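The whole structure should be built from the sequences, with the hints applied where relevant.
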Amino acid sequence: DAGVIQSPRHEVTEMGQEVTLRCKPISGHDYLFWYRQTMMRGLELLIYFNNNVPIDDSGMPEDRFSAKMPNASFSTLKIQPSEPRDSAVYFCASSLGLAFTDTQYFGPGTRLTVL
Amino acid sequence: AQSVAQPEDQVNVAEGNPLTVKCTYSVSGNPYLFWYVQYPNRGLQFLLKYITGDNLVKGSYGFEAEFNKSQTSFHLKKPSALVSDSALYFCAVREVLTGGGNKLTFGTGTQLKVEL
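Protein sequences appear in the order of chains A and B. Each residue of the first sequence is one higher than the one before, counting from 969 in our numbering. Each residue of the second sequence is one higher than the one before, counting from 72 in our numbering.
To be clear, the hints were calculated from the coordinates, so they are not data collected in a lab. Remember, it's a predicted structure, so these values are computed and weren't measured experimentally. Note that the Cβ used here is the ideal one computed from N, Cα and C, for glycine as well. Treat the hints loosely; a few may be bogus.
As the list claims (entries may be wrong) - Residues on chain B that point at chain A, a partial pick, calculated with CB under 8 angstroms:
id	residue
1	Ile122
2	Phe138
3	Lys140
4	Leu168
5	Asn173
6	Leu175
7	Phe177
Below you can see the structure in the form of structure tokens.
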């Protein structure tokens, strides 16, 4: 398996622009997670899906952020409008289930820079 | 709430020497603990996890971790460090969410630097 795939790997945009990050989970995994990593706040869970349905979005910072999962093999995280404080590395992860024993597998991340 | 603490921001060790990256946990109930490694410009890679059973858990790349219930610790170890082990290491714990479900809660990370 190719693992979790994310695109783009790097994104540089200007404040106010819309940004869309993409993720393809590992085939057969029912859960998909979006994380954000910054120096100040470390790794934060933004939202997760089960069978394409958003389950917990309490980590989404504000209404400028939205996430969708139209099918089992694709998810997007959108920021509109983007702001410089959104600059971070965004990771997607997937797991078979949500049992305490289940392992999450991470993608390589998208490094977002908002100027 | 469940949490993990990584008391050291950075650990330096000479190649060939044993290494230890520390992690302590705070949980109510049974702990489910994980170690991940992040190489520069890469995503997090799973190393190992403690679920139940043996206190010494063996993982990828020669790493192992020792679960100590009395000290509430889950330290990551390797008998002989390699320069290629230099990376950022994260400890994580399963945290139960109100309303059901659970999530991984990560520590702040420890930068390991292995020098020749």
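Evaluated hints:
A least Cβ separation of about 5 angstroms between isoleucine 122 (chain B) and chain A falls short of the 8 angstroms threshold, and the interface hint therefore holds. Interface hint at phenylalanine 138 (chain B): violated, since its Cβ lies 14 angstroms from the closest Cβ of chain A, which is beyond the 8 angstroms cut-off. With a cut of 8 angstroms, the hint placing lysine 140 (chain B) at the interface with chain A is violated, because the nearest CB-to-CB distance is about 16 angstroms. A cut of 8 angstroms between beta carbons decides the hint on leucine 168 (chain B): the least distance to chain A is about 7 angstroms, and the hint holds.
Against a cut-off of 8 angstroms between C-beta atoms, the interface hint on asparagine 173 (chain B) holds, since the closest Cβ of chain A lies about 6 angstroms away. With 8 angstroms as the threshold, the beta carbon of leucine 175 (chain B) comes within range of chain A, its nearest partner Cβ sitting at about 6 angstroms, so the hint holds. Checking phenylalanine 177 (chain B) against chain A by beta carbon gives a least distance of about 4 angstroms; that is within 8 angstroms, so the hint holds.
In terms of the numbered hints stated before, the structure departs from hints 2 and 3, listed from lowest to highest.
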